[in-house]
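Participant: If you read the protein sequences in the order shown, they are chains A and B. With the numbering used here, the residue at position 195 of the first sequence is 195, and numbering never jumps. With the numbering used here, the residue at position 230 of the second sequence is 230, and numbering never jumps.
Just so you know, the hints here were simulated from the structure itself, not pulled from any lab data. Heads up, a few of these hints could be off.
[Stated by the list, open to error] So these bits of chain A aren't anywhere near chain B, every CB distance computed over 10 Å:
#, residue
1, K49
2, L73
3, Q157
4, I167
[As the list claims (entries may be wrong)] BS3-like mimics (lysine-lysine), calculated; alpha carbons at most 27 Å apart, straight line:
#, chain 1, residue 1, chain 2, residue 2
5, B, K30, B, K97
6, A, K91, B, K16
7, B, K175, B, K231
8, A, K88, B, K116
9, A, K91, A, K13
10, A, K100, B, K11
11, B, K175, A, K88
12, B, K97, B, K11
13, B, K254, A, K2
14, B, K213, A, K13
15, B, K231, A, K103
16, B, K23, B, K11
17, B, K254, B, K201
18, A, K91, B, K213
19, B, K152, A, K197
[To be verified] Ranges of calculated distance between the beta carbons of each label pair, as one might list FRET restraints:
#, chain 1, residue 1, chain 2, residue 2, range
20, A, Q203, B, A149, 31 to 37 Å
21, B, D62, A, Q203, 34 to 40 Å
22, A, V95, B, P194, 41 to 47 Å
Treat the numbers as computed from the prediction; the structure is a model and nothing was measured. Heads up, the beta-carbon is just placed ideally off N, CA and C, and yes, glycines get one too.
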Amino acid sequence: MKWSELFTSSIGKKWVMALTGLFLIIFLIVHAGINACIWANDGGVMFNKAAHFMGSTVVIRIAEIGLFLGIFLHIIQGLMLEFQNRSKRKKGYEVPMGNKGSKWYSRSMGLLGTILLLFFILHWWHFWVPARFIGHEELTEIEINGVHMHNMYNLMQYTFQELWVVIAYVIACISLCWHLIHGFQSAFRTVGVSNSKYMALIQNVGIGYSIIISLAFAMMPVSMYLGWV
Amino acid sequence: MEHYNMNLTLKVWRQKNASDSGKFETYPVKNISSEMSFLEMIDVLNEELISEGKDPIAFDHDCREGICGACSMYINGRPHGPWHANTTCQLHMRAYKDGDTVVIEPWRANSFPVIKDLVVDRSAFDRIIQAGGYISVNTGNAVDANAIAINKDNADAAFAAAACIGCGACVAACKNSSALLFVSAKVSHLALLPQGNPERKTRAMNMVAQMDKEGFGSCTNTGACEAVCPKEISIENIARLNREYMMAGASADK
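Modelling step: build the complete structure from the supplied sequences, incorporating the hints.
Facilitator: Set out below in C-alpha cells:
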C-alpha cells in the first residue's frame, strides 16, 4: 500500500484528523499558558516578555509554519469530510434519530469547527496580522530590561474594550469546549486506544482539559473588558 | 404481563422498485395483540392488503429469532425500533400502546439502495467480507482443537465481535452512513485469534479498501452505531481496526 493510499483512505483521513487535532491540543496548552501571564497583575510585563519570546527564536518561527500547516490541514480536510459524509445519504429519514445514541456535539463537529474558523479569521486580524505585518496604532513599542518589544498587552486591552468582540470570543470558546470534548477522546480512539482502562482515563482528562482551556481563554477578554487586569 | 389489544396508525415507506421515487402510505391496523411480534403485525396488515387486491408491503426477514440479520426496519427514528440490543423481529407489540403512530422506513444510505418498500440491497457487506473475511486452513487431518492455546480474554473479545449478524443497523444509524462498526467487528474477530494471523495485514487493508469502494462514509466516533447494534458490538473494535489498519499499511512492503 502506497503512502498516498494509506493517508487518503477513510481510516487514513481519520488518522490525519486525529494527529493534527492532537497537535493543536498541545498548541492550545502553550497558547493558554502564555496568555495566562496577563493575570500576573504587573501591567503586562510578564505577558509582553512571553509574547516577545514566542517571536524571537528561529525554532519557534519554524514551529509556526508547522502550526499553520496543521491548522489548515485539519480545517480543509475536516470540511471536505463533512461534505463527503453528508452526501452519503441522499435520501434522509422522515423521523431523524436525534440524540438516540449519540451526543449532539459529536454530530456537530463540522458546525463547531466552522464557528471556530470564522473566529480564527477575526482573531488573526486582531493580533497576528498587526503583530507580524501591518502594525496597529495601539501596538506601541516598549522597553523591558533594555529589550525593545511590541506592547501586545496594550493591543489586547484596546481590542477587548468592545463588547461585541468579547461576546464573539466567548461564543468561540464555548464552541471550542464542545469541539474538544468530542475531539480529545475521539483522537485517541482513532490512533487505536481501545483499552477500557485507558479510555476511561482519557475521557475524564479530555473533559477536564476542554473545560479548563476554554474557560481560561474565555476569561481573558472578559477580564480585560471588566477591568480586572 | 397483561395481554391487551390495540389499534395503531402505521406510516410505511412504499416504493415500487429501485427507480421509483417512493412515498409514505398511512394504514390503520386494528385489534393487534400485545403478544404479537412486530413482523407478525406487518403480516396481519399484509393479509388485509392481499385480500383487498393490493400489493403487500415488502420487507426482509428470515429466521425471526434475532440471529440472521435479515430484518431491517427503521422504526420511529431508530433502527430495529425502541428496544436496546434487539432486532426488528424480536420487537414485540407490547412496546406500543393503543392509538400510537408508528413510522416505518427502510435503512437509508447510498450504499444500501432500496429494492422495494422496506427491502434494501446490502450486498456491499457481502463484498466487504469476501475481500478479507477468511482464514487459511491446512488440508489433511483435523488438528486437535486444543493444540493452539488462546488467551481467554482474546477468545471472549473475538467471540463478541463475531456476534455481528451484518444487519446494517450501524450504517442506518450513522450520520455519515459509515460501515466501520461492521468492518471492525469482522476484522477484530479474526485478528484476535492465532488462526487469523496469516492474512492479518491484507485483511485489514483489503476490507477497508472495499468498504471505501462501496461508498460508505467516514467514521467520526459519534457512537450511534454501538447504541443501536442488536448484538452490542463495541466501538472498541473501531479503535482496534484503526490500529490494525495503520500498522498493516505502514509496514506493508510496497
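Participant: Of the hints stated earlier, which fail here?
Facilitator: Nothing - there is no hint that the structure violates, so all of them hold.
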